[in-house]
Every structure is written in C-alpha cells, then in structure tokens.
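Novice: Protein chains in written order, with our numbering: chain A, 1 to 414; chain B, 1 to 369; chain C, 1 to 289.
Calculated directly from the structure, the hints in this document are not laboratory data. It is possible that part of the hints are untrue.
Capping the alpha-carbon separation at 25 Å, the derived lysine-lysine pairs in BS3-like fashion look like this [as the list claims (entries may be wrong)]:
1. K194/A - K271/A
2. K121/C - K257/A
3. K304/A - K81/C
4. K257/A - K271/A
5. K121/C - K384/A
6. K199/A - K384/A
7. K194/A - K82/B
8. K257/A - K80/A
9. K81/C - K186/C
10. K413/A - K211/B
11. K384/A - K413/A
12. K98/B - K80/A
One-sided and incomplete, this derived list gives chain C residues near chain B with beta-carbon spacing under 8 Å [said to hold, decoys possible]:
13. R90
14. W99
15. I183
16. K186
17. P279
18. L282
C-beta atoms are modelled at their ideal positions from N, C-alpha and C, and glycine is treated no differently.
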Amino acid sequence: MKRRQFLGRVGAVGAVGMASSLSAPALLSSTRAAFAQGDDIPVGVLFSLTGAVAVVEHTLHDATLLAIEEINAAGGVHGKQLRPIIEDPASDPATYADRARRLMIRDKCVSVFGSYTSASRQAVLPVTEQRNNLYWYPTLYEGRECSRNVMYGGAVPNQQQDDLIPWAIENFGPRFYMIGNNYVYPKEENNYCKSLLSKLGGEVVHEEYVPLGHSDFSSVINRIRAEEPDVIFATVVGDSDVAFARQYHAAELDPAKMPVISLTRSEVEVKAIGGEAAAGHFSSAPYFMGHNTPENERFVENYKARFGADQVTHFVSEAAYFQVYQFKAALEKLDPSEITPAAIRDAAVGLTLNAPQGEVLIDENLHTHLWPKIGQWQSDGQAKVLIQSEERVAPKPYAAYEGQTCTGQGLVKA
Amino acid sequence: MNSRFYYDLIALAVFCAVIFLGVPALMSYDGFELNTFARYLSLAIVSMALALSWGTAGLLNLGQAATFGMGAYAMAMHLKLKVSDGLPDFMGWNNVEKLPLVWVPFESLSFTLLAGLLVPAAVGGLIAIFMFRARIAGVFVAVITLAFLVAFQLLVIEQQGFTGGQNGLTGLAPLTLAGWTVDTYSVSFYYLVAGCLTVALALGVYISHSKFGLILRAIREDADRTRFFGYNVATYQTVIFCVSAALAGWAGMLYTLVLEFASPTYMGVSFSLAIVIWCAVGGRESVLAAAVGAIIVNLLEGRLSDVFVEGWHMLLGIVFVLVVMFMPRGIYGVIVDVVRRLNEARRGGRQDSAEDALLPATIQTNRER
Amino acid sequence: MDVVFNQLFAGLSMASILLIIALGLAIIYGTMGVINLAHGEFVMLGAYATWALQSFAGLGVLAALPLVFAAVAAVGWVIEKLMVQRLYHRPLDTILATWGIGIILQQAVRLSVGAESRFVKGPELLSGNTEIGALVMSNYRLFVIAFSIFVLVGSWMLMTRTEFGTKLRAVIQNRGISECYGIESKRIYSITFAYGAGLAGIAGALITPLFSTIPTMGTGLVVDAFLVVIVGGLGSLIGAASASVLIGEATALLSAVMNDTLGRIAVLAGIIILIRFRPRGLFPSDTRN
C-alpha cells in the first residue's frame, strides 16, 4: 500500500472523528452572562411552542410573557427588569429535562415558569429539586405531589370536584360515564370522583380511557348511547377533547339529557370545537374568560391587545399570568441581595393576590387557594357561570389518600 | 481483516482522544455542559447500534426505540425500587397492592444490568427470527418493526400500574455502582458514558471488519446469492439484530441515568425516526460515523434551539432533507469522496481499481422488487 | 345485537376515513415505490386549506373540496419536482426525506397560521342522523363513506380507463421500455404524486368537521395509512380498500370487546402477523415481477 494513500485515508476517517470538535469553542461553550447580582432578574419560560401540546402551551407562554412585560413596563422589581429566557421543549419530556437544566444551571434563572402536562412537570422535577430551584406550574393537575420546589397554581381534584359532583347528581342524576385519556390525571380525577360518588350514592356505569391524541370516538359514542348515563364525566384533553365534542355533537346526543361535564375543557378547546357543538355542556374551573372582576377585564383586554382580538384566555393561562405576579410580590418582600429560589418560595407562602378569578392565596404546601366555578358553555364560545363557590377553597393534594397530608414540611403520613 | 480496519482503529483512537480529552477541556470541566454532552454520547450508542443492523446488514429497524426504551426502563425500575420502601408510589396510586413479580429481581443491580442488555436482545431476537425465517426484507422490515414499536409503546402506557403509564418512571434514586454514588453532573460520570461509547464502538468496528461483518454486507448487497453460497442468512440477520438491540438497551440504561427518569416517549415513533436520521447524517456504513452523526445532530439541535427558539425545528427539517438528497452516504460519504478525488487528482486522474475495491460499496441497492 | 350493528357502522366509518387517507399513499407507493411520510402533512394542509377557504372566503367544506384538491396537489407537484424526483432510485431514503419534508410543512403552517387548534364548521346539509331501528348513523359519516367509495372508483377508472392510466401502468411495469415508446415517465410521476397529494388534501378537508385541526394532526394518521397500504398490497386500490375495511372493522369490534387501547394493540399485532405470512399484502399485484 502506498504511504500517501494511507495517510489520505486516515485523514478521511479521522476527519469524521474530528468533525465533532470542529469549531468547538463556538459550538460547545454556550454560556450566557451569569445571573449573579446583575442589572436584571433572569426567569425561565418553558412552554412548548412546537409539537402536540403547543396548542395549549403557546397560550400559557403568551400569558406569562404578557405578565412579565407588564411588570417590566411598570418599572420591574426593585428597579430591576425581569429578563425572560425562552426555551422550546417541543412537547417532549426528554427535551423538557434538557432545557430545564439549561435554564436552571447554565442561565442561573431564579425561577422557571413552565409546562402543561404532568409528564413534563415530572421530567423537570429532578433538576429542580437537586438544584433547589423553583418551578411555577400553572396547570390543574392530579394532586398527590408535594414538592418543596414547585409552586402549583392550578386546581387539584378537591377544588374542581367537591362542588361539582353533588351539583351534577342533583341536577342530572347519579349514573356517571367516565371517559378520559389514558394517563395519570384522568385516572386520579376519576378515583377521587368515585370516592365522592360512593358517599353521595352515585354510580359509575362505565369507565374508559383512550390513548392521548385519540381522534375517532365512534365506539365510545356507541357505548354512551347504549348505556344512557345521566352524566358524561370527561377528562379528555387537547385535540382528543375537540374530536370527542364534535363527534358527540354530530351524533346528536342531547346536552340537556346527557351533558358532558368536563374538568379539562376551557375556552381554548371550545374555540376549536365551535360554540354550537360545545353549547349546553359544562366545565368546572376556577376561572372563565367572562368572569366579572376589574382584574379580569384588564387581563383580557391586555391579552387581546397584545396577541390579537380573536384570542381567548382560560383557566390555565390565567394561572400562568397571576403566577408571575405572585413571583413579583414575593421578590418585593425580599432584599435584592438575598434573592434565591428558596427565599422566593418562603416569601411566597401566605401571599394573597387579586387574580382575575378573585383573591388567591398561596398555601404553605405551595398549592393555591382558588375560587371554583361551574360554567355552562354558550354558543358564542363563552361560559355562563352558574355556580360560584361561596368561599375560597383550600387545596388538598392528597384528599383521596387518607392519612396523608401535604404540609409546609413536605408530605406527612399519619 | 483488511487495511481499512487499521484506518478505522486510528479514527476510533482520534475520536476517543477528542471525547476523553478534548471535549472536557473545551468545556472547562463544567458539570452542566458535561451532563449535556453525556446525553449526546449515550444517544451516539443507539445510533451506532442502528448502523450495525442498517448500514452493515441493510435491515432498516424503525423499532430501535423500543429496545432502547427497554434498557431505559430496566435501569429506571432498579432506581425506583431503591428509592421506595417496598412498593413504588405510583403502584399504590394505581391500586396495585403487591410488587409485581417482574419487578422483584430488579432489586439487584447486577440483574438489572444483565436484563438491560439481554431483554432487548431477546425481544429483538424473537422479532428477527419471526421476520427473517420468512425472508422478510426491505421496506417490510421497516413496517413490522414500526408496527411493533407503536404497539409496544401503547402497551407500556396502558399498563400504568406496572410502568407508570404516560408519566413514566420518575423520582428515581441515584445509581450506586460498587460503593460509588453516581452524580450525573460529575466528570467521572461523563467518563463512564464516554467509556461505554468507546467499548460499544470498538465492538462495532470489530464486528464490521470480521468475517461475520463481511457476510452481513454480502447479505445486504444480495441475500439470495449469499444464500446460494451456503450461508444461513436468517441466522446472520438474527444475530446482528440481537447485538444491535442489546447495544440500544445499553444506551437506554445510560440515558435514564443522564436524564434521571424514564418516559414512554423514549419509545415513540418520532424518537425512533430521529435515530435513523442521526445515523443517516453521520453515515450508516460506519459505526463511528453514525455515532458522530448523533453527536453532531444533537449538538446542532441544542445550539439552534438556543438561537432560534421559534424556528429550530424547521431548520432541522431542512438540514435532514438536504443531507438525504445531497449526501446520501452522510458525512462519512462526503469525506471518503473528497479524499478519493484528491488522490485521483494527484495521480492525474488515473483510474485505480484497487482503490475502488477498498471503498465500501455505495448503498444504492436496487429498487425493492 | 344493536351494539354489534352500531359498532359495525363505526368500523365502516373508520374504514372510510382510513381509505381516503391511504388511497393517495397507495397510489404514490404503488407507482414509484416512494414511502411518503409527509402524507400526513398533506392531509393537514388539506384541513388548513379548508379552514382558510371557510374563514376567509366563506366556502363550506363541500364547496371547498375541488379547490383544496387543487391546492394540495400543487404543493405535492412542487415537492415532487424539487425533491422526491431525485430520490426514485433510493426508495428507503425517501422515508427519511419525506419525513423531513413533513417537519418542514408542519413548522411552516405553525409559523404562519399559529399552533392553536382551528375550527371548521361541518356542512349544515349533512347534520343529523339516519336511524334504522336501533342503528344510528351520522349523516356526515354516511357521506364520508359514500365519498370514499366515489374516490376509490374514480381513481380506479383513472388508472384503467384513461390514456393517462394506460401510460401510468406502462411506467409501473417497465419504466425503461415505456420511455422507449415515448412516454414521459418523469411527467407521469409528477402528475401521479400531485394526484396522491390532492387526495390527501381531500381527506384532510373531509375529516376537519370531525377531528381537531392542528399542525401535528398528520403525524398520527400517516402510520395507520402506511399500514393500510402495506397490508393491502403494493399499489393495489382494491387491496387498500379491503385493508381499510378489515382494519377499521377489527378496531371497532375489538375495542367494543376490550377497550380502545387494547383494541388498537391487538390490531397492530394482527397486522404484524399478516405481513409476516403475506408480505406482499392481501391483493398482491404481479406487475413488478
């Protein structure tokens, strides 16, 4: 073999090996200016802008940014601007974990606002807890979690169901048909619902779960028609819910006789379902876009002005919005030199804030006291609030598990 | 063993020098950067595993993510048991009262490590026997493995009480390896992953240059002729499928360690197709190139997503299409071509047939019939 | 018994949707051996085109169908000219390239129209149900079934009863010899690809009133359509139709017996076994041997 040839070939294969180090400094070291005690306060914004969950998460992203912009326009906190660092986790849990690390370790964010699904929250948890950072999670969820590093802004089962189930039995009857997507949230809500039903003398005629993203509900609708339940208790999410509602309507099932009572359907889904198909069905949530408070009017007005008149606000984007204000209020209680995620958390406990839904309070277990409401969808795509709870309802993330309570010291087992 | 073996060994040595010495130094031994890079390295293993079955034997396995996921779950099951006293928390929530039998042996680390390699290998082997005995080839291999992947992922999500469902296995303990508690942000963990990749690559290089690898390439080019020579084609295909599945399982175990959770999305169609893309970008004919492809694409994704928050997905799509269209043999092919042209130019354009014989056959297999 | 009949109808309805999505894929695959993973995105484009025509031009779903067909076919034609054409000799690579094209189309729609789910109103004319005893059939679903049969027959006529079809079949049988007889195989390929894309567009338009219109809607559909094509047999229209009915009915009946998830797993397992024992599909065409 010729020597020159040999060298050339080594060059060829070697270059493949070297390719990873080409222009390495630019590619590899991606550090940004560290937080330290600089001129601004870096916060992470971690909502999917691409992929399947982006349908909902882009609205949360928008609401979070709106609040940040409003706070900055009003002079920031302690004279410092909030600097949002935006990442797109692309609806994929592994990417969530990766991007959360970037925000918390590399970019030294003092808090990260993010995510919609339980799976993505759990993907972010290891790094959040290990680095003792703070993750602001605006979504309603299944409860049963008691991290000291997550601020839970959404409803847990007891806040959505305690008023709803007795009301549903009284108005429509005791026979429930449960339909949900196949993951932990629907199963847990159904568990809680079953425990309420057994106390109130209701019964479950059928319980079933379809894969996330499932889009053909013909068999489900056939079963519903055969079972003739009094209430369809739905925990179907996202585009599955849109398909379900449209096919339910196309099958001419009557909301007056068999209403769908959903824990997950909000203005976003209804906009895609179409007012006509959604009309007459119900949702339980702490917030509806049409809610009548000055805070909400301002929120809706600013949101539309910023993102377009055809945009809607809903119970998760509302939480995403007010959580930024809770964050700001907590920062204000702290001395600018002692801002750390843990200090922010401790300062946030016990805070009250006039949110669009009413005055909310952060419990010592880091969940939020909320104002549950029951709304009936109208053909204009808005909900008419039928029932509003008399008082603010405390979060009990372990309500379905006797002897376990989430407290300020974490989970306590009796 | 031909002289290409030595070039590959030298390239492997260069690659090792880069990942062992160059990368950590460039990243100034920063925990976060090394952790991110360790993730790329573990993905490089699954990419090179695919190169073994796809590039060498011509079997396009679109279900590679399934075996990857099995490894990931094996490791996660062990770590989950370590953190829970008796019953893992999610089982209680799903009304599972007793630890399922399949979970029990995962208390043991050595069993877990073995299972993470052998279970994927066994499943891969079963599918392979099932397919290759019937002389299934080409696009049908892709379809069967794809259908298996979709069904397997659905099953894992459905069996929430045993698998954690859509959320996967989270809240894991750190791994304790012979008294050493693994910190995923440490330099030593990075070296562990880099070491695993090196071993996997050495194995891959060895296989592709052995007689076994030669027969696999013969099968890729023309399975019938190889059969006429008296080789049992199905056995060769099955063995390489098993090896590839075991390597994928190994990568999965490391991936769980890096990310500290296991998710059913590791077994998703888009992840599986992403593996194929990495392999194609690097060059499917060489295991080393496939590994480099995985590293480059992931590095690129990381950097693009940093700069173009809105548009990075689109840019990646464009890169893939361009690579497939204009670099059918990936980066490896481009480099081999450039070197050949240089050599030809130096010899004044004289054709050198020995030269061509040394080059791997281009993958321009005839259209499936 | 009522449940069985209703499930059978549900299965038929699923089959019609599967068929109309898979038909374009089957034609493209059968003609040029291209596995078009961007097919789901063509369906998505069809759905978005319908949405655009409805919200900006006030056209109903039915009136929009021809325009949607033309629009998506045009996109398909451009993609064929720019990219797919260069890959005809590398069929496995088309899987990768078309997947990339799918990502690009998906992101292009997301960046231009937005990530949110879009509402498309179903045709007023077809609302309501037809009831025969206990069998309740949605009129719109009946229409989709009828329309898919119409498209199937139309495509079959196109391939067997027109000059274009004769040329197409000649190219499928032997591209080289057909070119010797003056058939421009490149042109035939472009038109066929555009036609297949157009059919996907129509599928998108038809499913919008039932499903949710989002940029990622095609991703889940393409795997199913792909399976239908393979089970049906290479490029066989009758095969695609029978495979759709088989898969649709099996899914409906199995999900009635078990549940939707296990039903789908069982169907996938069945498909794997079917391909193992009949790798050339239910209705193999012998044109390529």
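Novice: Return the numbers of the hints above that this structure violates; sort them in rising order.
Specialist: 1, 3, 6, 7, 8, 10, 11, 12, 15, 16 and 18
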